[in-house]
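28 is the number of the first residue of the sequence shown in our numbering; add one for each residue after it.
Treat the hints with caution; some may be incorrect.
[Unchecked claim] Here are the simulated distance ranges between beta carbons:
hint : residue 1 : residue 2 : range
1    : 159       : 61        : 32 to 38 angstroms
2    : 64        : 244       : 17 to 23 angstroms
3    : 269       : 237       : 22 to 28 angstroms
4    : 64        : 236       : 38 to 44 angstroms
Keep in mind the hints are simulated off the structure, nothing from the lab.
Ideal Cβ placement from N, Cα and C applies to all residues, glycine included.
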Amino acid sequence: MKKGVLILTLIAVPLLTHAEGLAAVLRSAREVNETYLELQVDAELAELRYEKARIEARDQIAVLTAESTYLGAQADHLRSLQSFYAEVVDATYGAVIAEHDRQIAERNEELARNEEAAMEVRFRNGLVPEGDLIDTRIAVRSAAVEREERSWQFSDALDALADATGRTLAEIAHPAPPSFSSPMNADEWVAADPGVARARIAQEIAEVRLTRLPSNAPEFDRMALETELERARLATDRAINASERAYESLERRLTTLPQILTIRTEQLQLNDALHREAQERFDRGLITAAQRDQTFTRVLTARRNLIDSQRNYVRVVLEYAALAGIDPEEVLDHT
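Input sequences plus hints: build the corresponding full structure.
The following block contains the structure:
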């Protein structure tokens, strides 16, 4: 597929990327990620096999068959690139999301223990029944189990980050992401789709076979080749329809996900403001420390949800880049 021209603007949303840009993370991942190393080997083998088949081809059908096989390898390569990009993005963002999940679980356990201490005082003073105290103790145990589970998940996420990218969480920063506009229209997308090109070659092969059929060939042979040609035409139509649906799906997601990012950003800003207000009220003795801390937990949760939305957005952008044959660094170096 041909590389397209990118249209990029910056939006004021914090994004999880390496300090040098997420493109630097991808470059690092290419050196250590097994998925990428394998797909590069497969691509080189496909190129060599294609050249060998073209050299050995003795007629038009052999040439077309070699091209079809190569296009199939290209389609597999693009799907493998999608998997590689998704793995890197999930590992990079997943580590920070896991860190937030761990912090939220720690805060929740701290709040539960504070509530338990307050409930014990109230119980000793005869203000609440024993059942309320038991409930708070159960809540503490549940929060402790959740915190331990999130800690294990965070450790696993760090391992996944190292395996996928060769980076550590300490190397992650938060520049702003690009607002990506599709550089291709639907017709250009379909024209560049190797799956569509392969279907058209299959149709051309069927046409050549029918054309080569001798005029005195049995009617059954002619009917068989005509049926083969009709099936090839239908397959081409299906490939075009599938390509158009894939394009429309990506276009919809590239439209809606930035809107979700804006909503998540506004939610974070609101929770930040509420936490600052809660801190001021606590300083004046109007609310308890537990009430103030609850607002900070909501800030962590809002930040975590924003990062998750960023991950979804970047995954779609890189999915587009893979399918369109665009170098992701052309996108991500602008972050």
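Indicate whether the distance between the beta carbons of residue 269 and residue 237 respects the range 22 to 28 angstroms. Holds, at about 25 angstroms.
Quick check on a hinted range of 32 to 38 angstroms for residue 159 and residue 61, using CB atoms only. For residue 61 against residue 159, whose Cβ atoms are near 54 angstroms apart, the range 32 to 38 angstroms is violated.
Honestly, do residue 64 and residue 244 meet the 17 to 23 angstroms range at C-beta? At roughly 51 angstroms between Cβ atoms, residue 244 and residue 64 fall outside 17 to 23 angstroms, so the hint is violated.
When you take the CB atoms of residue 64 and residue 236, is the distance between them in 38 to 44 angstroms? The hint (38 to 44 angstroms, Cβ to Cβ) holds, given that residue 64 and residue 236 are roughly 40 angstroms apart.
Checked against the numbered hints given earlier, the structure breaks hints 1, 2 and satisfies all the rest.
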